[in-house]
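*Asks:* Quick mapping for you: the protein sequence lines, in order, are chains A and B. Residues in the first sequence are numbered from 1 upward in steps of one, following this note's numbering. Residues in the second sequence are numbered from 1001 upward in steps of one, following this note's numbering.
Hints listed in this document are in silico derivations from the structure and should not be mistaken for laboratory results. No experiment lies behind these values; they were computed from the predicted model shown. One should not assume that every hint holds.
[Claimed, not checked] Straight-line C-alpha distance at most 20 Å; calculated EDC-like pairs for lysine to aspartate or glutamate:
| hint | chain 1 | residue 1 | chain 2 | residue 2 |
| --- | --- | --- | --- | --- |
| 1 | B | K1698 | A | E42 |
| 2 | B | K1706 | A | D11 |
| 3 | B | K1706 | A | D111 |
| 4 | B | K1222 | A | D111 |
| 5 | A | K48 | B | D1241 |
| 6 | B | K1222 | A | D11 |
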Amino acid sequence: MADQKYALLVDYTYFSGNHAAEIACKEELGLPIDQFGIKEVEVGPFKKGEGNDGDAWEWFYLPCPTSIFSEHWGTGGDKAGQRPLAVQVEESASMYYGTLEDMQAKMAEFDRPMVLFQL
Amino acid sequence: MAYGKQWQTVMEDGTVVTRSNTWSPPGSHPVGYGVKVVTKDGELIRVEGDDDNPITTGRVNAMNLALREYTYAPSRIIHPMKRNPEDRGKDKWVQTTWDEALDTICDKVRYFQNTYGPESIVVFGGTGREACIFYYALTFSVLQSPNCCYTQSGWSCYGPRCSIADYVLGAGYPELDYAGHLPGSYQDPRYTVPKWIVVWGKEPLPSNGDGFFGHCLVDLMKLGTHIISIDPRITWVGAHDGNINLQVRPQTDTALALGIMNLMFENEEYDQEFAEKWIYGLDDMKARAAEYPVDKVAEITGVPAEDIKRVAHIVGTERPIGWAWGLAFDQNKNGVQLSQAFIILAALAGSIDRPGGLTLGPPSALLGKWRMEQRGAMDDEVWSKRIGAAAWPGLSTGMATTQPDETLNTMETDEPYALKMGWFNSSNFLTPTCSAQPKRWHKALQKLEFVVVQDLTMTPTAMAVGDYFLPMATWAEHNGIVLTHYGRNTVFMGPMNKALQVGECKSDVEICLMFGQRLNPSWWPWYKPADGKSFDEAALATAVEDFYSDQLKELGMDWKQFQEEGLYQPGAHGFEYEKYEKGLLRFDGEPGFNTITGQIEAYSILYESWGEDPLPYYEEPNYSPISKPDFAGQYPLITTSGSRRYSSFHSEHRHVPSLRQIDPWPWVQINPETAEEYGITDGDWCEVYNMFGEARFKAEITPVIKPGILNCAHGWWFPEQDGEEPNLFGVWKSNFNSLVPHFNVGKLGFGAPYKGVMCNVRRVRSLDQD
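Turn these sequences into a full structure, and let the hints guide you.
*Replies:* And the structure:
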């Protein structure tokens, strides 16, 4: 389907900020050093509660798909529907790629906050 | 895309896909990330994941994904090089051939062996790389010297933990059970997901220490495991909901371990059946632990008493408890006691060799065993000359190397004899990767008359002292075997399959085979060049396969079968839990542990015989503001170091653009309160200094570290800078190890304070300007 939509789903509670997806995109797409298909952003770490336990801290990463990523893996892209190397190699196994419908269904399987990027 | 399980596939368009497993050089400890190496016309296109690897399941770390950049980096050395010794420190290398290098180096080796004795040759082995298997053989059976040296003061990486496990536990390295040995992974019916994992002095996600696949912690957290993180920092893993952080003052971990243990005894919350049956010296241990009441321990460690009590209760009552111990156990003068206490804690928690707890390996297996057998190539007289062996039996019994600090003393004083020739096998230790006081080493190394360096890029160390440079192959450029934990607890093994050739680069085993054939053919019979002498590529390829086939005999396989098999997991070949109950740990086949008493020795017979306290105890670090109050005004802060990031394997990747982009400069983590006190803002260049030295870093202001504590990056040099002396790629500018004292080690010769020395910090204008 030419108008099929695709999405990247991120289980960002467990996405570890390991940079593998960034390097994988550069390698798979042959990007120059200053361009990214996936770029990670970090939120925190900051203290949000008393004590030092895990629930007192906020600290997560998000692997953000750039427009370069969407051009290849989004609607009509040359790699649409094919698993990106970034999704395969990401070390915390917390990125999923597929059709928008499949990713919406996948997201509903989780009972924790998730991020869905429509490409 | 998926390519299947066969070891090599040729696609219609000529693309070749080679299934392999990774082990530095470059990119990681022996994790054996399952990968597919994609090549075309002999060129590396990219590295992809191998979905069929049951442990890494397609996942690959950033450093291994950047292999193409590393492989074709302009600064990589791909032909043998030589330089006139008078030109050390100058970029006056000239290309030579393998035949010439072999002729000259072998002549030199024979000259030093005959003139000064084989002990005048010293091999410096690097950390974590495949060289860890081969530098022992290179020393003992190729060069026939007893002096194999890992230069880190107090041997402060992995070796201490292994030795203590050997002495106290009577088994190979105990590792967190993450089901790596089981074909069914976490779903294998023999496995139980741990309720809690104590992650202590270790950050395995970026470090993958010793081949342990760190991201298994994330897998297990997704399956419901909680983490108790014991670290001076809040780690990303520890910061997750439901996890517990004990933010310990650097180097006080042994007090914490004894405090937790005391509470378990006091409350009778421990596996009493196991303890009564298998712990030697239990009553003595109870009495010793009683000297560490929780309030005292809270004061020493800076960890609230309530948190210590909570952890003691969890460890004492929840099952199973997994354990992951890290580098902080080694980089501590009091670390021998910490490792001993850790093993006792794991035993009290009923974790020893049980599902979801700690797995045990036999003392040594496969290549680990072969590695240790190589010392047989020397007679006892030569072996007895090993530097520091007689003075440090507590180290030299567990390790086949020299005592590292003693080695520097020998080089500086020529006592008991002068070292004449050096061979660096994958070690860049002038860069702050291991040796303490690297400027002293730099000076002492200049006394060596002849120096060979094996490496992949021109490092500061090679530029400073090398006379010959032998270019090394990456993991994708040779055949080999990845085995986690270097054979001391082989969770799994996998083949490294040669996918391409670059220049004239050779692997560790190929270099051993070539030099062994010349220097000691009875120990190195595999390589048979056609004319007996000249370099013979086909004969070398056959020799590598024959060598590995011989090693694999005990598994009933040869190299070709292993290559097709793609992976060996002990769980598919008779692995059993609770080996101590089944007579599988001791050489006599009796139940129990392979110690003198047959039990886990809380009271160590060996420690006592070496003049050490047989029971664990806490000792205040001797470069802290508490133990050195006279210096507390000058150096009121404590700095730790050695933590890892995804962008480099120690000093390995500073020249790789996509990785350097992630961490462009050396960093120091500072708490916001401390930063404000010192007038430092985020991104400022700072100099961290103490009575031993100084080093520069960019400030990273973060609340994950407590006020008064710093955390400095290690492994930094600047490949983009002038490589010649005296700059040496800027190796002295951010050299954390300048701040670490020489020979400040524990009574057994192990443990130096890389993770905790007193210091001060000041803002400077830049890396080069005050």
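*Asks:* Taking the hints in turn, state whether each one holds.
*Replies:* Going through the hints against the structure:
1. K1698(B) with E42(A): At roughly 19 Å apart (the allowed maximum being 20 Å), E42(A) and K1698(B) satisfy the hint.
2. K1706(B) with D11(A): violated, 30 Å
3. K1706(B) with D111(A): violated, 34 Å
4. K1222(B) with D111(A): holds, 12 Å
5. K48(A) with D1241(B): holds, 12 Å
6. K1222(B) with D11(A): Holds: K1222(B) and D11(A) sit about 10 Å apart, inside 20 Å.
Comparing the model with each numbered hint stated earlier shows that hints 2, 3 do not hold.
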